[in-house]
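Enquirer: Residue strings, one per chain:
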Amino acid sequence: MKILVAVKRVVDYNVKVRVKSDQSGVDIANVKMSMNPFDEIAIEEAVRLKEAGIATEVIAISAGPTACQETLRTALAIGADRAILVETELSLQPLAVAKILANIAQKEGAQLILLGKQAIDDDSNQTGQMLASLLDLPQATFASKVVIADGKAQVTREVDGGLETISLSLPAVITTDLRLNEPRYVTLPNIMKAKKKPIDVVKPEELGIDIAPRLTTLKVQEPAQRSAGVMVADVAALVEKLKNEAKVI
Amino acid sequence: MAFLELSEEQVMVQDMARDFAKNELAPHGERWDHEGWIDDAVIAQMGELGLLGMVVPEEWGGASVDYVSYALAVEEISAGDGAVGAIMSIHNSVGCGPILKYGTDAQKEKWLTELAAGRVIGCFCLTEPQAGSEANNLKTRAVLKEGFWTLNGSKQFVSNGKRAKLAIVFAVTDPDLGKKGISAFLVPTNTPGFIVNRVEKKLGIRGSDTCAITLDNCVIPEENMLGPRGKGLAIALSNLEGGRIGIAAQALGIARAAFESALKYSKERIQFGVSLIDHQSVANFLADMQTQINAARLLILQAASMKERGLPCLSEASQAKLFASEMSEAVCSKAIQIYGGYGYLEDYPVERYYRDARITQIYEGTSEIQRLVIARALKDIDF
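Protein sequences, first through last, are from chains A and B. Just so you know, we're using this note's numbering here: the first sequence kicks off at 3 and counts up by one. Just so you know, we're using this note's numbering here: the second sequence kicks off at 895 and counts up by one.
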């Protein structure tokens, strides 16, 4: 069984980003970039499935500028067998990425496509869902447990009401949530081995996909500063404020 | 670290070491300092990740990583915990190094793979009560009789002395040959007569065991000699460059941890209506600390880069070790100063960083020896 895992290069979760003065976006010049944490979880799950003998090949894929090769190299160091970079300088949005992944997934004959549930830069939480729809495949999002057996995936999903377990026939799309697994530390020998694993580079034009953005960002601004708290004299005053000022009761 | 162009692999090594240090080391440093022992499981995990056989070739189970990656990794690990950094640097340089360079295939097969994987920790028994910087003035004696060597003597300040399963012991085999009469031996630490006399109580790096060892009629087979007879001193001094780069990186990591801690505190603590960092004295401290740390790192990576390219770099390695170790004490001291009274309490980590940093000016060649090496090299240069 081939597993295709999508990974995105994002600002490292430790970085405190600043909004650009022209409010066109956040400043990412010279900022540390890393693999999206949910995508790390997706790669880890795929590698575990290979180690369990369920998957035969794990292919990592990313779309974006040349620097995304670093992210793919990390995926290879964790245990992916090979990688594909769909190279473009254009700003990509979930629909464009979903179209790219659909194209590659069909070409590769992937039986399982794993993605992080969302990227920590745009928090869209759309790509996996759109991908499943484009390919007309079953989907299970926010997975906290995945069991593959007899051509089916049994997935436990973290939903608002608690946990929901569903069964999907393969091929299918699954997006990962935080509690699915704890990604391993890459070992030094695997970092060295990753150097020799192939990264194939293709252009979106070669795949015949229209990746033009459908959305335009109008403005990016910092969230309002959190104002200081207020001391209240008694519970009655607290209730009055919650009711009339915060308007939460 | 935008000013340095690191390769993809070097960044991955640095990132892994940093994550590991943040998650697995930093939360336990205080406990290990109090208990005087770093959890075996953590050392084992480092071995599995390849951190304890970093420059050993793949054929012997090492990670075969370049020296720049090694220096970066030691810095990150030491920023997590200075005592772990000590074990890592010492095991890599004088644990794995001598066998890699001088071991027979049989010796390598028996020990090197185990050392590189961290399943066996090595210790280096050179220093004696009367012989520190004067490393050749050894009294430990080895006598050959019927295919066995019998070792007798005392060894001082042996790092990993209790943790190690293998000791590299230097002893006099030919008293009349002076410096050429010392040989090296591989001694499994469970050999009868290899006695860990005492685990020393130290100022810092308390999680790393430093031991006084007695060799009391310790008998080992003839094939346990490492390298040729009489080559012991050369073997002992054969990895000065790597050892010094490692300890320099350890000192740097400790200093960086102290700096980052003090920086964070300086933004939170308010006196006279403003954060400490808005007071010029404190701002100037931090500016100097950052500059010194960056300077040390460049010295270290220069030496590491030269070693990687096979260039002799004894003076550069000594410069890095000298500078980084003295810098580390100064930076850690300033970090305590920034914390004020709180910096003096065990509740905050800076006092531990300060204590951990101090040894880096002493072991792996004292600052005075480093200066001697650097000055000696200058005598050979004409401008």
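One thing to keep in mind: the hints can contain errors.
As the list claims (entries may be wrong) - Straight line, CA to CA, 16 Å or less: simulated EDC-like cross-link-like pairs of lysine to aspartate or glutamate:
1) A:K195 <-> B:D960
2) A:K101 <-> A:D24
3) B:K916 <-> B:E1154
4) A:K199 <-> B:E902
5) A:K18 <-> A:D83
6) B:K1059 <-> B:D913
7) A:K34 <-> B:E899
8) A:K34 <-> B:E902
9) A:K197 <-> B:E952
10) A:K197 <-> B:D960
11) A:K195 <-> B:E1028
12) A:K198 <-> B:E902
13) A:K195 <-> B:E903
14) B:K1074 <-> B:E1028
15) A:K18 <-> A:E91
16) B:K1095 <-> B:E929
17) A:K198 <-> B:E903
18) A:K147 <-> A:E72
19) A:K198 <-> A:E72
20) A:K34 <-> B:D913
21) A:K195 <-> B:E902
22) A:K198 <-> B:E952
23) B:K1002 <-> B:D934
24) A:K199 <-> A:D125
25) A:K4 <-> A:E91
26) A:K205 <-> A:D123
27) A:K197 <-> B:E902
28) A:K34 <-> B:E953
29) B:K995 <-> B:E952
30) A:K197 <-> B:E929
31) B:K1096 <-> B:E924
32) A:K221 <-> A:D24
33) A:K199 <-> B:E903
34) A:K195 <-> A:E72
35) A:K195 <-> B:D913
Claimed, not checked - Covered stretches of chain B, as calculated for chain A (at least 3 residues, CB under 8 Å):
36) 935-949
37) 1036-1043
38) 1105-1111
If you're looking for bench data, these hints aren't it; they were derived computationally from the structure. Think of the CB as a built atom: it goes at the ideal place given N, C-alpha and C, for glycine as much as any other residue.
Enquirer: So, for every hint listed, does it hold in this structure?
Expert: Now for the hints, and whether the structure bears them out:
Of the pairs offered as hints, the one joining K195 (chain A) and D960 (chain B) holds, with about 14 Å between alpha carbons and a cut-off of 16 Å not exceeded. The suggested pairing of K101 (chain A) with D24 (chain A) is violated, with an alpha-carbon distance near 31 Å, which exceeds 16 Å. Restraint check for K916 (chain B) and E1154 (chain B): the C-alpha separation of about 13 Å stays at or below 16 Å, so the hint holds. Only pairs whose Cα atoms come within 16 Å are accepted, and K199 (chain A) paired with E902 (chain B) is accepted, the gap being roughly 13 Å.
A threshold of 16 Å between alpha carbons decides the hint, and for K18 (chain A) with D83 (chain A) the separation of about 33 Å lies outside it, so the pair is violated. Simply put, K1059 (chain B) and D913 (chain B) have alpha-carbon atoms about 28 Å apart, too far for the 16 Å limit, and the pair is violated. In summary, the hint linking K34 (chain A) to E899 (chain B) is supported, as the alpha carbons are separated by about 14 Å, within the 16 Å threshold. In summary, the hint linking K34 (chain A) to E902 (chain B) is supported, as the alpha carbons are separated by about 13 Å, within the 16 Å threshold.
Distance hint between K197 (chain A) and E952 (chain B) is fulfilled; the C-alpha atoms sit about 14 Å from each other, no more than 16 Å. A threshold of 16 Å between alpha carbons decides the hint, and for K197 (chain A) with D960 (chain B) the separation of about 14 Å falls inside it, so the pair holds. Our distance criterion of 16 Å between C-alpha atoms is broken by K195 (chain A) and E1028 (chain B), whose separation comes to about 43 Å. Taking the CA atoms of K198 (chain A) and E902 (chain B), the gap is near 13 Å; set against the 16 Å cutoff, the hint holds.
Restraint check for K195 (chain A) and E903 (chain B): the C-alpha separation of about 10 Å stays at or below 16 Å, so the hint holds. Simply put, K1074 (chain B) and E1028 (chain B) have alpha-carbon atoms about 15 Å apart, close enough for the 16 Å limit, and the pair holds. For the given pair, K18 (chain A) sits about 24 Å from E91 (chain A) by alpha-carbon distance, which is inconsistent with the 16 Å threshold. Our distance criterion of 16 Å between C-alpha atoms is met by K1095 (chain B) and E929 (chain B), whose separation comes to about 11 Å.
A threshold of 16 Å between alpha carbons decides the hint, and for K198 (chain A) with E903 (chain B) the separation of about 12 Å falls inside it, so the pair holds. Using a Cα cut-off of 16 Å, the hinted pair K147 (chain A) and E72 (chain A) is violated, with the two alpha carbons roughly 28 Å apart. The suggested pairing of K198 (chain A) with E72 (chain A) holds, with an alpha-carbon distance near 14 Å, which does not exceed 16 Å. Taking the CA atoms of K34 (chain A) and D913 (chain B), the gap is about 14 Å. The hint holds against a cut of 16 Å.
Taking the CA atoms of K195 (chain A) and E902 (chain B), the gap is near 13 Å; set against the 16 Å cutoff, the hint holds. With a C-alpha separation of about 14 Å, the suggested pairing of K198 (chain A) with E952 (chain B) holds against the 16 Å cut-off. Only pairs whose Cα atoms come within 16 Å are accepted, and K1002 (chain B) paired with D934 (chain B) is rejected, the gap being roughly 24 Å. Annotation: proposed proximity of K199 (chain A) to D125 (chain A) is violated, straight-line Cα distance about 31 Å (limit 16 Å).
The hinted pair formed by K4 (chain A) and E91 (chain A) fails the criterion: a straight-line CA distance of about 29 Å is larger than 16 Å. The hinted pair formed by K205 (chain A) and D123 (chain A) fails the criterion: a straight-line CA distance of about 23 Å is larger than 16 Å. Between K197 (chain A) and E902 (chain B) the CA atoms are separated by roughly 9 Å; this keeps the pair inside 16 Å, and the hint holds. Between the alpha carbons of K34 (chain A) and E953 (chain B) the distance comes to roughly 34 Å, so the proposed pair goes past 16 Å and is violated.
The straight-line distance between the Cα atoms of K995 (chain B) and E952 (chain B) is roughly 15 Å, inside the 16 Å bound, and the hint therefore holds. Distance check on the hinted pair: K197 (chain A) and E929 (chain B) sit about 41 Å apart at the alpha-carbon level, beyond 16 Å; violated. Between K1096 (chain B) and E924 (chain B), the direct Cα distance comes to roughly 15 Å. Compliance with the 16 Å bound is thereby established for this hinted pair. Of the pairs offered as hints, the one joining K221 (chain A) and D24 (chain A) holds, with about 9 Å between alpha carbons and a cut-off of 16 Å not exceeded.
A distance of roughly 13 Å separates the Cα atoms of K199 (chain A) and E903 (chain B); the hinted pair therefore holds under the 16 Å criterion. With a C-alpha separation of about 14 Å, the suggested pair K195 (chain A) and E72 (chain A) falls inside the 16 Å cut-off, and the hint holds. For the suggested pair K195 (chain A) and D913 (chain B), the alpha carbons sit about 20 Å apart, so the restraint of at most 16 Å is broken. Evaluation of the coverage hint for the segment 935-949 of chain B: fulfilled, as 5 residues show C-beta separations to chain A shorter than 8 Å, against a requirement of three.
Counting residues of the segment 1036-1043 of chain B whose C-beta sits closer than 8 Å to any C-beta of chain A gives 0, which falls short of three, so the coverage hint is violated. Proximity of the segment 1105-1111 of chain B to chain A, defined as three or more residues with a beta carbon under 8 Å from a beta carbon of that chain, is not established by the 0 residues found.
Violated hints, in rising order: 2, 5, 6, 11, 15, 18, 23, 24, 25, 26, 28, 30, 35, 37 and 38; the structure is consistent with all others.
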